[in-house]
Amino acid sequence: DAGVTQSPTHLIKTRGQHVTLRCSPISGHKSVSWYQQVLGQGPQFIFQYYEKEERGRGNFPDRFSARQFPNYSSELNVNALLLGDSALYLCASSFDPSGGTDTQYFGPGTRLTVL
Amino acid sequence: KNEVEQSPQNLTAQEGEFITINCSYSVGISALHWLQQHPGGGIVSLFMLSSGKKKHGRLIATINIQEKHSSLHITASHPRDSAVYICAVVSNFGNEKLTFGTGTRLTIIP
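Residue numbers (our numbering), protein chains in the order written: chain A, 1 to 115; chain B, 1001 to 1110.
The following block holds chain A by itself, in its conformation from the complex (with noise of 0.2 angstroms):
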């Protein structure tokens, strides 16, 4: 069975532009969680989605926003890119849906340069 998929793997942007990440969990898990991971230091929480609905959202601005689909793949939107949101993009799966007290399978990263 597949594991997490994330893609793109690698992406370059300039500063002031959009991205979105895209991610498909395991088979039959239903719960999408994304982090960030600045280089160097531990990933860090940014939301959280269950069913759809979003169950929870670290301490990042309003430019960051996510959705998840009615197969229960996700997506992570970052508008107006500044250099600070250079990071790997980590997003990772679990059936539970308290996210964190469930065994979590991370996808391989999306590695987001902004320049």
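In case anyone wonders, no lab produced these hints; they're calculated from the structure.
Among the hints, erroneous ones may be present.
Below, computed lysine-lysine pairings styled on DSBU-like, alpha-carbon distance capped at 30 angstroms [claimed, not checked]: (1) B/Lys1053 - A/Lys30; (2) B/Lys1055 - B/Lys1068; (3) B/Lys1053 - B/Lys1068; (4) B/Lys1055 - A/Lys30; (5) A/Lys30 - A/Lys52; (6) A/Lys52 - A/Lys13; (7) B/Lys1054 - B/Lys1068; (8) A/Lys30 - B/Lys1054.
Fair warning: this is a prediction, and the values are worked out from it, not measured in the lab.
Mind docking chain B on chain A? Use the hints.
Same frame as chain A, now just chain B:
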């Protein structure tokens, strides 16, 4: 002060050595995760625990809820164990999100 602190930040050891990585946290938690991140970014979940001890192969994870401390041990370490090991906690209030430590970079020399 970060909610989750790991030590050491970097660890280099010879193949075969017994490895211990520590994680301390400052909040009440409902669960703690140990994760492994290889170069390139992919993260693999190693353990999720809320009490006691878990073992999988050469890996052992323990947690002491009263002392707010967890350890990850690797027995008979091997160069393929070289990776960044990350501790993450789920606080027992709020939206159950994961809060991560900054990771421990482990290098095993043949």
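These are the hints, each one checked on the structure:
no., hint, in the structure
1, B/Lys1053 - A/Lys30, "holds (29 angstroms)"
2, B/Lys1055 - B/Lys1068, "holds (20 angstroms)"
3, B/Lys1053 - B/Lys1068, "holds (14 angstroms)"
4, B/Lys1055 - A/Lys30, "holds (28 angstroms)"
5, A/Lys30 - A/Lys52, "holds (8 angstroms)"
6, A/Lys52 - A/Lys13, "holds (28 angstroms)"
7, B/Lys1054 - B/Lys1068, "holds (17 angstroms)"
8, A/Lys30 - B/Lys1054, "holds (27 angstroms)"
Every hint from the earlier list agrees with this structure, and none is contradicted.
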